[in-house]
Amino acid sequence: MSIDWPRIGYAALTLFIVINYGMIMTALVRKIGARVSGRYGIRIYQNYIDLVKNIALRSKITHGVMYYLGPVFRLTGGVGLLLFVPTIYGSAMWSNFSFAGDLVLALYFVFFGTLGMALGAAESGHPYSAIGITRGLSQVTVAELPLALAVFAISLQYQTLNITDIVAAQQGGIFNWTLFTNPVATLAALFAFVGTMMRSPFDVVIAPQEIPIGPPTEYHSSYLALMQTNRVLFPIAKTVIYMNLFFGGATNWFEFAIKVFAIYMISVLVGVVHPRFRVEQSITFFLKWGLPVGVLAILLV
Amino acid sequence: MFSFQPDRSQYPAPGPDGKLEIDLETGQYLKLWQGPNHPGMTGNMSVELTVCGDEVVEGKTHVGYLHRGFEKLMERRSFIQCFPIVCRICVPEPDFNEYCYAAAVENLAGIEVPEYANWMRTLILEMGRFNSYMMAIGGMSGALGLGVVGQWLTYVRDIMLDRFEELTGARIYHMFILPGGVRGHLPEGFKDRMEEVLKTAERYLADVDKVMFSNAVYKRRTKGVGYIDPKLFEPYGVTGPNARAGGVAKDVRKDAPYLVYDQLDFEVPTETASDIWARTNVRRRDIDVSIDLIRQILKKFPKGGEVMAEIPNVLHWKIPRGETYIKGESSRGEYGYYLVTDGSGYPRRVNVRGPSYTHAMALLELLIPGTNISDVAALMVSLHTYPPEIER
Amino acid sequence: MMQAIYDRLKDRFQLGALDVRSRKGLAFVDLRREFLRPVLTELRDVEGFTHLILLTAVDWIEDERFQLTYLLNNRQKNLDLGLRLRLDRNLAIGETIHDLWPTAATYQRELREMFGIAFPGSPRVDEEFILEGWTDMPPYRRDFDTLAYSQQTHADREGRETSDPREFMKQILYPKD
Amino acid sequence: MKHMDPNFRKDTKTEFPQREELKPRKVTTPDGQVIDIEPLQDYFCQEPPKVHQKSYFKIVEDFYNWCRAESLWILAFGTGCGAIEMRPLMTPRFDAYRYGIQWRATPRQANLLMISGYLSVKTLKRAIRTYEQMQGPKYVVGLGSCTINGGMYWDSYNTIKKLEEYLPVDLYIAGCMPRPEALLAGFMELKKKIKAGNAEGANKYAEKFDWYKANQKAVIKDWDMPDYNW
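Heads up: the sequence lines are chains A, B, C and D, in that order.
Residue numbering for the first sequence follows my numbering, starting at 1 and increasing by one per position.
Residue numbering for the second sequence follows my numbering, starting at 302 and increasing by one per position.
Residue numbering for the third sequence follows my numbering, starting at 694 and increasing by one per position.
Residue numbering for the fourth sequence follows my numbering, starting at 871 and increasing by one per position.
Think of the hints as simulated: they come from the structure by calculation, not from any bench.
Hints should not be assumed to be uniformly reliable.
[Unchecked claim] Once the Cα atoms are required to be at most 30 Å apart in a straight line, the calculated DSSO-like pairs of lysine-lysine come out as:
{"id": "1", "chain 1": "D", "residue 1": "K924", "chain 2": "A", "residue 2": "K60"}
{"id": "2", "chain 1": "D", "residue 1": "K1078", "chain 2": "D", "residue 2": "K1032"}
{"id": "3", "chain 1": "D", "residue 1": "K1032", "chain 2": "D", "residue 2": "K928"}
{"id": "4", "chain 1": "D", "residue 1": "K1065", "chain 2": "B", "residue 2": "K361"}
{"id": "5", "chain 1": "D", "residue 1": "K883", "chain 2": "A", "residue 2": "K60"}
[To be verified] Some chain B residues judged to face chain A by a derived CB distance under 10 Å, without partners named:
{"id": "6", "residue": "K332"}
{"id": "7", "residue": "H363"}
{"id": "8", "residue": "L447"}
{"id": "9", "residue": "F491"}
{"id": "10", "residue": "R522"}
None of these values were measured; they are calculated from a predicted model.
Heads up, the beta-carbon is just placed ideally off N, CA and C, and yes, glycines get one too.
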């Protein structure tokens, strides 16, 4: 097998574009949230400054090897997720490393970061980290259930596990989107989407008033910078999957930007006006509403 | 559908002295300190929790981080010199300290306060109550992760602070109430500007009702959580909105009317559920009462008059031996000053009875066992405690 | 109203004179130590003084006495009654009432720390409450001088100027005196 | 104001007895092992703080300083009454977020410790610990007159007077209490100081570590933690 150098270069470029897009977009989203409260909000380039500031911190401490690896794993989860999913449909340049079974791999990567984080944060030894981790893992596990079921449903529907093929099947008009061909599966997946975006009502993992601020309590300086990078990258990578699976993918960067932003805003708009669930309440919520919808989606296909 | 109620049989039974026998070395329990550096705490205090899983089995309140020894400092200050420091005892609602202390001094010195000053004091106290509730409800929403309500209500509090500034010249510590009366008259056009503030507040509160009080998640988090048995109200000294949420209409404004409250027309809101939801709801409805009271006060406000009674030379002011207790209804419950004089120019002893003293210590320690870690912050905020009142 | 209650209890518990000088609805009465618990129980269960407003102490150092004040409230009749109990200052041991009002335990903890009055049997009474690592005498006692303590602990900033508030106020308020 | 009692002498002889839970002891773990526990030991590191050098290139350091100034993360730790004016800063009226000022809940991620008002000795202990857990470069701002010279509480037995004897203070904001506008102006001053490269409090703390520790231990009588706790 020969190494496809241009492809790696393009993939790296995708990563670069997406990270920058994420930096701007998360700042924009925070600005919108601030406007709801009546504030002016942070500056649009604030995320870059924070990132450099964190890298430039002079002293760091460590709690062990796993503590180092935690943010690395977390970032790997985000990067891996993005790289194995075609970002722009119909373009050889921006299809990254997508292959026949990439949907399964993507589902795996969604979980990978959380697990890595769990190991790292557990080593940091802070009780709030440990509590945050247990909460996070139990909630993510349940929240991903509807997504898994929805993915089964649409892979049955399109008879493929290749994301590119799924996107291809949705081309040609808005009504070919899974959103309209299989609304139940989309609904199930959106439960999972809102549930894993770390926004209220499902942000008990990082709840500042209870366990400030959950798993990353002990992380600082470069570790935190890594996690910040992941925090702008991972939600977008996840949104790209949803966009590809349910909202017809994107054929150019402009469409990509608009769609990702719109999908991302779903969770923001839900989050800004809701208090947070307790962890067992959110688990019950997903089992009660998310799971049946997911099962229904499979049955309907 | 699923029961997440933990199986209590695995936990240790209470020992012979009624305390849980907790052995941290079994690894079954975790000691968790919340505070003093913790966003969920209501100020600089801390709660030492022993948790088993997600459930708290024991909670101890630790206070004293804000202790300045006010009661000691006042013993070496003359009566008038105490005024700058009394308001600093309770930051979010400082005027109550001024009123109670002034009234206690007037009571022992036998000074009659002019009518105008009484109206002014009532106005100031109601404005302070309004502000304090704004912080309480904002804090409640914050504790449950609904930051936007906190943002709105802090803004409303800010515009009310503007009115304070106009009236008294200061934002937080007003020092407006002195023994014998108040420091100034109502400014020109104050009523109209106050009406504007109240209208804005009502607009924001209508939004808060929609976003917070009718939100399903909020109801799920608060209903049935943090229940206080109304039988415990008397033994644990529960007063104010916390008691009103359990159906006991305890309110010093009604029970023992002071200032001009007997000339005002208002109902004390009560609830029956006695949980977090009921306590917050009582506060929400009390804001409406407060707004209404401010309007009534401004309407009936005397056209003019003396703001200050004749008081003796404050530098050589000696008050004969005696003791008194003056109370009032603050936003958290009964607030009182116990003042003892010995005939000299300095108070012999001042004791501040803050409602948080009973709420945050004995009562909170009673309520915490059995709750979820997530609910501790909400529970604390729902009791509306301000730690400076506890340690002074 | 207060007088009627006082008359009912006076002879049974050998109460001192009723002091109603301060304000309407508030009275203070002296009490002998052995009658503290019966009087409190009687007031709480029969006379309707169910609310313990506060429990505090006053240091009468010239009489070598601590005065414990138990303030009770009867909400229905709108009456406040203060019971004054005198303790020997050198042998300050109070009687715990935490079984009558659980909230009294907190007050007793504070009195233990701030006045050094012992309350044997009160829960957690010897734990640190407000102060931490305090080795001096209890700070609310009259013979503890807070200014002297502060000056012996902390130094003032150099160049600090004090203008005597008494002189300043005299100029502003009473220029003629 | 009453006169001072000239005969009063502070009790300097009594030592605070060590707390029961802080004495070394043997503990049986759940799996049957017997281990020695010394609660006063920090198992990770007890070495004193180091002086951290600036970047080799001045232009890099200047850029870093600009970033540090434009991204001040304040620890949400309200030590005194000044904390009440911090809240309006986060909210629509004053909105400090637009200047790159944000609040963090954990000392690890914060750069700026606001001592919001008087410090009682009990809180001073926590403030020192919190400060040492923060990662450098870190800044301390004293809020209110009471951090400068005791302020209102100049004769109180339980509050400290000069904050800079215990922590390296970069900036004081005077007032009792300072208004939000004063706070914003103070932040702007702090930014100028950081951009000029003068806010080296963490290094100062490391250099004069013994002096700071001696001062801290003079008021905290029950010093029951490691000397340096990161």
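Find the hints from earlier in the document that the structure breaks and name them by number, from lowest to highest.
-> Per hint list: 3, 4, 5, 7 and 9 violated.
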